[in-house]
Amino acid sequence: MLESYLTGLLVCGGLIIAIGAQNAYLLSQAIRREHHWPVAAICAVCDASLFTLGMFGVSAALIAVPQALEFLRWLGVIFLGWLALQAAVRVWRGRAVLKVGAATRGSLRKVVLTSLAVTLLNPQVYLDTLLLVPAIGAQQNSAVAFVIGASTASVVWFSLLAWGGAALAPVLSRPLAWRVIDGLIGLMMAAIALQLALNGSL
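Quick note, the sequence shown lines up with residues 212 to 413 if you use our numbering.
In short, the hints are calculated from the structure, not lab data.
A couple of the hints might just be wrong.
As the list claims (entries may be wrong) - Derived CB-CB ranges, DEER-like:
{"hint": "1", "residue 1": "L387", "residue 2": "L217", "range": "21 to 31 Å"}
{"hint": "2", "residue 1": "S318", "residue 2": "L213", "range": "39 to 49 Å"}
{"hint": "3", "residue 1": "E281", "residue 2": "P249", "range": "35 to 45 Å"}
{"hint": "4", "residue 1": "W303", "residue 2": "G375", "range": "22 to 32 Å"}
Source: prediction; values computed, not measured.
For each residue, glycine too, the CB sits at the ideal point set by N, CA and C.
Whenever a hint applies, use it, and build me the whole structure from the sequences.
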């Protein structure tokens, strides 16, 4: 159960950090102290809901079609390998840093709607939460522990950005910082893909 929790924590933590749209928007709000806690809550709740939907929707399907487990296993290997390759390319080329500019303070309603759009209109979110996460989670001994670990990663990361936005901004404005982050993400994804391919579980 602990292994399933830690796997969910690490896998989903890497995915959340890698998705830049949510991070950039929340960080910009946190620096201006403009409704940043509601933004963090929306990001975390949406992610946790999608993790749960994807995980238990796939688990229900596996009961009816056990052969799907092997298919999901290799799908997870391929997708993780692709993410690791993307991270390696970003390390090599660098990525656009998070830039925060001055802006007029917006209403809570506008901020909430923008947060939902940034979260739910990003195709990568659905690939991660409804495809990759269930593919990895289906291999775990405890699906519940895996989802709790994934949700914990989301809550912790977005809370850190909301709380420490002003302090993190100078660091995240440096291209080198994101090269290091992307390098760690790539290594983690590659290691998980290899473990999944060799042993069929994590």
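Verification of the supplied hints:
1. Look at L387 against L217: about 29 Å separates their beta carbons, and that is inside 21 to 31 Å.
2. As the Cβ distance of S318 to L213 is approximately 44 Å, the hint placing it in 39 to 49 Å holds.
3. Judged by the Cβ atoms, the range 35 to 45 Å given for E281 and P249 holds: they are separated by roughly 42 Å.
4. Between W303 and G375, the C-beta spacing of about 28 Å keeps the proposed range 22 to 32 Å intact.
Checked against the numbered hints above, the structure violates none of them.
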